[in-house]
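Trainee: Sequential numbering from 5 applies to the sequence shown in my numbering.
By construction, these hints were calculated from the structure, which means they are not laboratory data.
Take these hints with a grain of salt, some might be off.
[Claimed, not checked] Here are the simulated distance ranges between beta carbons:
hint	residue 1	residue 2	range
1	SER69	THR34	34 to 40 Å
2	LEU63	LEU41	37 to 43 Å
3	LEU9	VAL58	57 to 63 Å
4	LEU41	ARG17	33 to 39 Å
5	SER85	GLY61	29 to 35 Å
6	ILE72	ARG17	47 to 53 Å
7	PHE82	LEU41	53 to 59 Å
8	THR34	VAL58	36 to 42 Å
9	LYS46	GLU78	47 to 53 Å
10	LEU9	THR33	40 to 46 Å
11	ILE72	VAL12	54 to 60 Å
12	LEU41	ALA16	36 to 42 Å
These figures come from a predicted structure and were not determined experimentally.
Here a beta-carbon is modelled for each residue, glycine too, at the ideal position from N, C-alpha and C.
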Amino acid sequence: MATRLMSVVRKARNIVNPVENIQQLRHATTTSTGSILPEPSKTPFGLLGILCAVVPGLLIGANISKKIANFLEENDLFVPSDDDDDDD
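Please put together the full structure from these sequences, using the hints given.
Mentor: See the structure below:
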């Protein structure tokens with residue numbers, strides 16, 4: 005009975021103050037003997053990886069902005085006027 009009561013008290017403390025329940029997470033950089041682990045292998049994506057990430061983002065962004073500009077112009081929310089070109 006006492007162990008069950010202590011368990012309930014511990015759980016109640018964790019609910020009241022959850023910050024104390026956070027555990028530190030550390031990644032292993034050394035072995036148990038103290039030697040440093042070797043550097044992990046890297047997967048080189050290079051130029052192909054950059055192109056596969058950037059080009060779709062640019063195309064999707066351009067498509068979204070074009071659709072928004074068409075929506076604004078169709079609903080007369082923003083229509084550029086010719087009078088705004090007075091840069092003289």
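Trainee: Which hints, by number, does the structure contradict?
Mentor: 1
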